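Trainee: Here is what each chain is made of, one letter per residue.
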Amino acid sequence: MTLFTWINLVYLLAAIGFILALKGLSSPRHARQGNLLGAAAAVLAVAMTFAIPSVRHAGGRLLLIVAAMVIGAAVAVPTARRVKMTAMPQLVAIFNGVGGGAAALVSTTAFLVLTSNEAVRTVVSRSVVYVNGIPTLHVVSVASSAGKPAIYLIVEVILGVVIGCVSFSGSAVAFVKLQELITGRPITYPGQQVINGLVGVAIAGLALATILTANAWLLLGVALLALVLGVIFVLPIGGADVPVLISLLNSFTGLAVAASGFSLGNNLLIIAGTLVGASGILLTRMMSQAMGRSLPNILFSAFGSVVTAAGGADGAGADVRPVRAGTPEDIGVLLAYARKVVIIPGYGLAVAQAQHVARELADSLSERGVDVFYAIHPVAGRMPGHMNVLLAEANVPYDQLKEMDEANAELPTADVALVVGANDTVNPAAKNSPGSPIFGMPIINADQAENVVFLKRSMRPGFAGIDNELLYNPKTTMLFGDAKDTLTKLVAAVNAS
Amino acid sequence: MSVGIIELLTIFVLAAFVGNEVVSKVPSILHTPLMSGSNAIHGIILVGTMTIMGEAHGTVQVTLGFFAVLLATLNIVGGFVVTDRMLEMFKAKPAERKAQDDPGRGGSPS
Chain Y
33 MTLFTWINLV YLLAAIGFIL ALKGLSSPRH ARQGNLLGAA AAVLAVAMTF
83 AIPSVRHAGG RLLLIVAAMV IGAAVAVPTA RRVKMTAMPQ LVAIFNGVGG
133 GAAALVSTTA FLVLTSNEAV RTVVSRSVVY VNGIPTLHVV SVASSAGKPA
183 IYLIVEVILG VVIGCVSFSG SAVAFVKLQE LITGRPITYP GQQVINGLVG
233 VAIAGLALAT ILTANAWLLL GVALLALVLG VIFVLPIGGA DVPVLISLLN
283 SFTGLAVAAS GFSLGNNLLI IAGTLVGASG ILLTRMMSQA MGRSLPNILF
333 SAFGSVVTAA GGADGAGADV RPVRAGTPED IGVLLAYARK VVIIPGYGLA
383 VAQAQHVARE LADSLSERGV DVFYAIHPVA GRMPGHMNVL LAEANVPYDQ
433 LKEMDEANAE LPTADVALVV GANDTVNPAA KNSPGSPIFG MPIINADQAE
483 NVVFLKRSMR PGFAGIDNEL LYNPKTTMLF GDAKDTLTKL VAAVNAS
Chain R
3 MSVGIIELLT IFVLAAFVGN EVVSKVPSIL HTPLMSGSNA IHGIILVGTM
53 TIMGEAHGTV QVTLGFFAVL LATLNIVGGF VVTDRMLEMF KAKPAERKAQ
103 DDPGRGGSPS
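Quick mapping for you: the protein sequence lines, in order, are chains Y and R.
In this text, residue positions in the first sequence follow our numbering: the first is 33, and each later residue adds one.
In this text, residue positions in the second sequence follow our numbering: the first is 3, and each later residue adds one.
Do not take every clue at face value.
[To be verified] The calculated DSS-like cross-link candidates involving lysine-lysine, where the alpha carbons are at most 25 Å apart (straight line), are:
(1) Lys55/Y <-> Lys27/R
(2) Lys434/Y <-> Lys507/Y
(3) Lys521/Y <-> Lys372/Y
(4) Lys463/Y <-> Lys434/Y
(5) Lys507/Y <-> Lys372/Y
(6) Lys434/Y <-> Lys27/R
[Stated by the list, open to error] Chain R regions said to be covered by chain Y (calculated; three or more residues, Cβ under 8 Å):
(7) 7-15
(8) 36-45
(9) 64-73
I should point out that these hints are in silico values taken from the structure, not numbers from a laboratory.
On a predicted model such as this, the values are computed, not experimentally measured, just so you know.
Don't be surprised by glycine CBs; every beta carbon is placed ideally from N, CA and C.
Working from the sequences, and respecting the hints, build out all of it.
Mentor: This is the structure:
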């Protein structure tokens, strides 16, 4: 067997590894092994790539490859290890964006290699020796036979550049939104969809011109416009929807990688990229279903730009309407003598790093014989499943975590619903006011418990920017302050009573 | 032509069906780790960036290739590490987790 047969065989093994990795990641039991298997497959494929003669004999460029890898790993590992679990969505957005950027750069460089005559000559002469299989040689041999790159080769390049650039700049904007460097609210302006459409048309026009002329400057224009498109596509998407968006951009990066795979004739890139592209689209749809919304609605409706909820709430009322505020001692007694307490955690709990104190409170209550469990909304936190991760980090037992439907069945008989740093996921407007932007989203029915206690920093609306009627409900008590402080006081109050 | 566009398209279409099939039923608690894990998988573009560096000539191509390798490494290494960290949390550990309140403190990647 030739070296290239071996390389392709190893790539095939790696592709199988990735398929099994995704399968493992879809079930709780095998998720971690799945991820490790994926990593092993990646290491195998990268190691084998060093055996390709053009890479192995690249001299100074080989050193640059190794240097870039060392720098990349030296930055990525500590960042991924140290990031706070609450900031995880942003980090995934960044890692996704740079992947898209890498795919766009590969496609661009492939285009330059294709159109540079000198390179074509050198590589073609090598391709006589190593026929069949090796990616880049295939590209250039096709190119040389036509004299100028075949049209489909340029189309592949353009797909990789456009999708990769949209994913790169879109992920960057998603990052600044999640990091709250800019407002999480949708950013809208008149004629937004028209402008987005025009940019899309301009990209198509420039792409056509690039195909006809094989001109590198035109390709640069396509790339720049695609970067712009990524930004303006993401701006009108509200902060609460950004996780779904990241999942979509993740799928885009997969497709960009597949497009690069076409340019290089590399089976592994096509398989891995397409796997992520296809599964990513499906995952994105599952996530939007968990929020009770359709994907087009999330992408194009500038959700949450209406600040005040419809259904009678007047805008100025938010600050002046009376609410009932309690003291930790009052609430401590209420909790200590309850029979059933449901804790409904949200992003605020995670921000305050209050998972551990929340568990202490639950433990104290359990010791007193109170039936305590956590009600987890599917999109609690900033991403689906985020809250489960945060609570697992605090060693909360599995059997105390109840999914939304299960929890809703118990809430009518609960004495206290203790809402810690959540807001939108318990907002009854989702059920009661058809005009509200979150109408139709499944919520945890905190309003059905006998007493509702909100631990909140302020009266500010939640991430979706919508006022919550439940805060003004007569059976609701507010306990203002940082979730961690307040919970610590509650634990003391419960132990004292 | 050594490997035709039709062969590549065939691989693409089959992979799309496989991708759709493997994640058909995912519990919502695994949505985030799955997204993060598949994010790491597309980091395999690293292989493509290495191959293109092997073919790059001249300052422009080599510079683009260098940054491509750098970005791809961030994607693939960071992606797998952060996913592993998420999934670590799902394991019920009897031992006390020390760094739990202070993720910014630990310097050593372990």
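Trainee: Against this structure, judge whether each hint is valid.
Mentor: Now for the hints, and whether the structure bears them out:
Only pairs whose Cα atoms come within 25 Å are accepted, and lysine 55/Y paired with lysine 27/R is accepted, the gap being roughly 10 Å. A C-alpha spacing of about 24 Å is found between lysine 434/Y and lysine 507/Y, which places the hinted pair at or below 25 Å, so the restraint holds. In summary, the hint linking lysine 521/Y to lysine 372/Y is supported, as the alpha carbons are separated by about 20 Å, within the 25 Å threshold. Taken as a hint, the lysine 463/Y and lysine 434/Y pair is honoured in the structure, with Cα atoms around 21 Å apart against an allowance of 25 Å.
With a C-alpha separation of about 16 Å, the suggested pair lysine 507/Y and lysine 372/Y falls inside the 25 Å cut-off, and the hint holds. Only pairs whose Cα atoms come within 25 Å are accepted, and lysine 434/Y paired with lysine 27/R is accepted, the gap being roughly 19 Å. Coverage of the stretch 7-15 of chain R by chain Y holds in this model, with 4 residues showing a Cβ closer than 8 Å to a Cβ of that chain against a need of three. Note: the stretch 36-45 of chain R has 10 residues with beta-carbon separation from chain Y under 8 Å; the three-residue rule is met and the coverage holds.
Given a C-beta distance limit of less than 8 Å, the hint that chain Y covers the stretch 64-73 of chain R holds, as 9 residues qualify and 3 suffice.
Hint compliance for this structure: no hint is broken.
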